[in-house]
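**Q** If you read the sequences in order, they're chains L and S. Here my numbering is used: the first residue of the first sequence is 1, the next is one more, and so on. Here my numbering is used: the first residue of the second sequence is 1, the next is one more, and so on.
Treat the hints with care, as some may be off.
[Said to hold, decoys possible] Distance condition first, Cα-Cα at most 25 Å in a straight line; then the derived DSS-like pairs of lysine-lysine:
#1 S:K804 with L:K488
#2 L:K467 with S:K305
#3 S:K275 with L:K458
#4 S:K789 with L:K488
#5 L:K34 with S:K514
#6 S:K833 with L:K496
#7 L:K458 with S:K911
[To be verified] Derived CB-CB ranges, DEER-like:
#8 L:D331 with S:G291: 51 to 61 Å
#9 L:G293 with S:L688: 37 to 47 Å
#10 L:D315 with S:E430: 30 to 40 Å
#11 S:Q574 with L:G129: 28 to 38 Å
Simulated from the structure, these hints should not be mistaken for lab results. No residue lacks a Cβ here, since even glycine has one placed at the ideal position from N, Cα and C.
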Amino acid sequence: MKNIVKVFLLAGFVGLASTSFTACSLDSVDSNTKDNEKSPISSEKELKSSLNGSYARMAAETYYGRDIIAFSESRSSYMYSTDGSGRFGSISGFTILPTHAYSADTWEQIYKVISNTNRVIEANIEESGAVKYYKGQAYVLRAIAHYDLVRLYGEQYVGGFGLNALGVPYKTSFLDIDEKVSRPTVRENQKSILADLEKGIKMMTEAEAVIGRGENIRLTVASANGFKSRIALFFSKYDTSMLDVVVESSLKAITSTGTTVIARGSFVDAYKGDGIMSNSLFELAQSGVDNLGVNSLFNIYNVKPGYGDLVCMNDAIVSLFPEFEGDKKVDDVRLYIIGKGVDSALRNLGKYTVRTSNVRVMRIEEIMFNYVEATLKGASNGDNGQALNYLNNIVSQRVTLQAPKDANGVQPSALPKIYDVLTFEDYKKERIRELMFEGFAYEDIMRWGGEVVNPKSKVNRLLTNGKVVFGDKYAAFPIPQVEINVSKIEQNQAYK
Amino acid sequence: MKLNYKWIVAAGIMLLSQNISAQQKALKGVVTEGGVPLPGVTVAIQGSNEGTQTNLDGSYSLNVKPGDVLVFSFIGMKDVTYKVGDAMVYNPSLSVEGSQLGEVVVLAYGQSKARNEITGNVVTVQGDVIGKTPTVSVDQALQGRVAGLQMATTSGSPGATQNIRIRGRNSLSANNEPLFVVDGIPLTSGNISGNDVGTSLSSISGINSEDIETMTVLKDAAATAAYGARGGNGVIVITTKKGKRGEPSYSLKTSIGFQNFARKGPKFLTGEQKKELWLEANFNDYGAEDGFTMDNAWEWYIGPKGYGPNNILSKWVANGSQNYDWRNAVLNKDAITSTVSLGVNGGDEKGTYYANFAHEKFDGVVIGTDFRKVSGAFNMTRKLNDRLDVKIGANVSNILQNGINEAGAYFSNPNLSGMFISPWAPIYNEDGSYNLDIPANLHNPLHVTANNISRNDVIRVMSSNTLGYKVLDNLRFESTIGLDYLLANYKVYRNPDHGDGEAYGGNASETDRKRFNYVWQNSLNYKFYIGDDHKFDTRVLMEYQKNKANNLMGSGEVLPPGMISVGASAANYQASAGYTDWANLGFLGLLNYNYNDRYLVDLTLRREGSSRFSENKRWGTFFAVGGAWNISSEAFMEDVKFINLLRLRGSVGTTGNSEIASNTYAQLLSPGSYNQESAMISTQFGGLLGWEKQTKTDIGIEFGMFDNRLTGSFTYFISKSKDLLYARPLSRTSGFSSQWTNLGDLKNSGIEIELNYDVIRSEDFNWSIGGNLGTVKNEMVTMPIVDGKPLEVLGSFKGTAEGKILEEWRLKEYAGVDPQTGLAQWYMADGTKTSNYNAAETRYLNKSALPKLTGGITTHIDYKGFYLDALFSFAAGYSVYDYWSSYTNSINNRSLYNYNGTTELLERWQKPGDITDVPMVSTGGGATYTSPSTRWLYDGDHIRLKQITLGYNLRPKVAKSLGLDAVNLSVSARNPLTWVKDSRLKWDPEVDATGYIEMATPPLKSFVFTLNVKF
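Please take these sequences and the hints and turn them into a complete structure.
**A** This is how it looks when you write it as structure tokens:
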């Protein structure tokens, strides 16, 4: 009997213990995450924080933090990658394969920006000025991200297909992760991108009227219009109706930004700081504790410290910056950006001088150049005088010309250079000199129908004559194999 | 088994003869322990006061009458009882209490059973075997000794984790490592290092091999079902030593040894060879354009059209072309290992005690690595009264591990820099200081390892405590609480002068990982008989386990010269912290039924909930049914004298797997920062997630013949996994790379054979030979249908599809070099060759990274006090991939100029007609040669002399005369010899379970001298 009591006591104890544990929640805690299904975006602050997530992802090294700029620069007319640390050599040599990280990582990162941005756009939240501003930015971000995908992976450069070539999947949903994707044409991409831009700019314009303009580390109406100008210029190669859009958006950007061309005296120093430059329209913020370290642009341009894979080609620099113009000695402040590294190779030492430099995505000079190019290409709303003005605004702040000593042995003072006539050749040179190392080179070459040739391309036996000209199948990146393995979308011609 | 039969016969004879010859007789015999006569053994007739003791030579003589039951007892030994029959001589052998000598096997939740009472598939490795294995992690002793257990080395650095696969891979993306259970406490497995960049640290590295009594590998459903939910990958039960009744017994063990790489690996180019290839590359590219030949290539090279006199090669030649062997420079040859441990144990009828203290030091074979461990193990058992008893156990250790960044291609990884740094770059400057101007931005590993710190300092306390209460004679309640606290401090310092810290003015970080894991088990065990023949043993149990992990990290930059702590940093402070937890709750019922020791049935039912799954999918139910038929116990086997044991056993049941990260099912936002403002980023999509389940079937036959000279077993198993936990790849356009889900069916099947034969058995000379073999055939049975077709998951190197092996190698097939053009070629779908890599066909290769066959051969010879043990392990039917070939075998500037390449490059194509596998060299281009293809896939098949030990046991008399109980001297070698089938493979064939040859330290070979004294 006593034993039975004990048995019951024990059974009761075990039973109680068990139930007390059963009552314990089996929910896991993770201090550093939040469940988006249980608590979706419900306030303006959460919306802003989520939008910040998109900017943070844009600033990653696989996107604007380094790669998309380095991809362009390593296929430029003046720079290539020596592959010294195994970085970007396959870009300069056009040996990139669908299995390579460069193809896969940037693709993935851009779509991650898009996905996170779609979450912002889809947020079910009461509309206010700020909400409209953030959602407007999200639409513009989505357009920029898809444009960046098209310029890398779209086949518009290949075989004269232009807008009829294969573009990239245009994603507008956060939740539908199993959406059946395919590659629409570049024309369809263009349509979607412009639609998002217009929608976003409209919302932002309405919002700015109410709550005022934000900082340049996020999109503003000015930089949104700037992107529209940049993107329209890209498409104008295949659709001349875009030229008018370039002119119109450039003007909107220039007039609404309120900034001006940076002065000659400040040009070199402006790049040394890591804050927002005065002539900027849009920068991606970096800081001492939030930067890309060894994966920064600084580290790829500089050597010791730095990987320093990207170097300038001597001949190209010499021909880009002639010492004399006629008999006048040229002093171009933009040449000061270039110097010899400790390995005595010519390098970009002046832009991205520290790993904490903000990523300078857009500045007023580019937008002015966009206006000039569209006008030169025949935009119906372009004004030749204004275009010449813009060009001279910039050049006069960069270049001085000094005539030789006159007959009396007197050295005339150096004078700012001024163009009297607008020619496409002059424009191209000035644009290259101004924007070098900032990620415009390859797209400019392709838009102008040029070619890429460098020591890496020369030894690539798969290329014709060791170079890639506009129209070449290697002008487009491969669609990543990891993408094709899942969604079975079509590969670009060079990689089939 | 034979014993039971004898009992029955003896009982029968006794009954018959009782009335006829109820007379006294003198029974004689010798009592031995392990073949050595045992003096002072008490021999008593049960239920009387009569008895005697064995004399000095272990012999006894006692007047008995048939039917008397004799009890032979000796302190610290297990009692042996003997029912007197007709025999005039009885020679019992006593065995040490607690040491089960292979006869008793420890199973789940402390059940220990005799071999013939088991229905599951288990293999036990004894503590003395483990103690003789000179490695840091005790799990390494299992390799080659357990059929169906495959082990892969992630790194040869001391203390690094091992990959263990029991019967292949049962899961796709969830953890495939077995569950470790130490004294009843399920351990959290894996890497306990403070970071993921450096050398890993195994979660069981804190346990000293001397403290282990047995390691039991549970393989099938019947054996693992008690751990059901988490036993899907098999279970390894570790039992630590307890004290033995008797006077205090001390043991001292010291060993010293040295170690090196087991295989040297490929040779790298010398400076001259590299120069020759680089000049040829330039000639191939620029010879025609610039008008030079190979003969005057050097003039061109140092000239204005070439690279000029300041080029690294030009300078190297100008300085005398001295060859710098970096691969040699990063080695710490003949790295010293030393261990010392001192233990004591003893006890009386009230309880026992065991204490052991150990210090181990292992120098790494690569500069910058070493491992030091101080550990103490304490176990105490105590009877409080007739009904209550307690067991208290603790294992406390401190590990100090200096690691290197070997988990990837880090510039500061000496394994990497030894291969990558150009032989043109001096190691030291002329003044004897380190050369810090290393080409291609690499770091001088000598400087970096001398001046930087990556150090794990891990304190761990594992304690297992049990309170037992005998409610009735046959009803026992047990409550066990297991506490496991881990405090891992990880310190990083990178000097400001050279290497990773240079850009930051030096940087430092400190990480504290705290992990507390507790388990509470309550069980009731009830044993009863129905009639004489029906024996039941039942058990119900509840178990709750909770794991809490906290980490805190601080880092800073810019350090004052000579200061190395994060506390001294001047700028850019950053901190991070995190907390995660998980919990498990399980209920278990066990029923063992035994009919007359002939028929056995085991039933297990477990219900378990895990916090790692979606709310309504948390609970899973698992069961197992096991049965055995001891044929040799049957009456009809009486006359078959040569068979000592014959039994059939089998089981079927389900197990599970929940080894995934917490909250994998949830749609998560992670924190980020932008412009010093908060940011939220969607990082995980989540989705419904529940248990992965395996259905395991296992049938086997076990036998012992010719007085148990030949023993062995054959087993066939089949394991089907369904609802696999799988990180399903998504279209990257979704913004996510994968989504965890339950999908697909996977099947593993195979046979396992274990055989042991005592070739010679005698007093002075014994020789036995044994072997085991396990095969695994892996097949992805079904994949979910997507767009009307079964899903095929493809990677750059591997693919998973229906009917294929899980993660089967899937590559383009290399077709050699085109003799005309010198370009690499691959096969296209139609069988023709192409130099266009993209156009070549990607093919499944019917092999994966896991061997289809593994096994081991052991032999033991002893003569007088000398003995020799050898273990060969082998693996076949798998392939390994040279992941870094695009750096070490590139035919362009990467290997020929920036870094260094292997001597295989000397075989390059030079002129039309050359037949070779290495294409023409060039300054750029040719990158596709090292793109994924079968060119870099090697057969891993190998046989390895895993361990050989030669030892001597001092004769007991001599030992006694020295005042000692036993003295043992031995010398062992681990991995001294390796044979690899694929002659192209220069790397070590044992790589981690992914099959990629990585930049980690390869397996080691070691030679160790050991002295073992008991007093």
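**Q** Could you run down the list of hints and mark each one as holding or not?
**A** Now for the hints, and whether the structure bears them out:
no.: 1; hint: S:K804 with L:K488; in the structure: holds, 20 Å
no.: 2; hint: L:K467 with S:K305; in the structure: holds, 21 Å
no.: 3; hint: S:K275 with L:K458; in the structure: holds, 22 Å
no.: 4; hint: S:K789 with L:K488; in the structure: holds, 13 Å
no.: 5; hint: L:K34 with S:K514; in the structure: holds, 22 Å
no.: 6; hint: S:K833 with L:K496; in the structure: holds, 16 Å
no.: 7; hint: L:K458 with S:K911; in the structure: holds, 21 Å
no.: 8; hint: L:D331 with S:G291: 51 to 61 Å; in the structure: violated, 39 Å
no.: 9; hint: L:G293 with S:L688: 37 to 47 Å; in the structure: holds, 38 Å
no.: 10; hint: L:D315 with S:E430: 30 to 40 Å; in the structure: holds, 36 Å
no.: 11; hint: S:Q574 with L:G129: 28 to 38 Å; in the structure: holds, 35 Å
Consistency note: the structure conflicts with earlier hint 8 alone.
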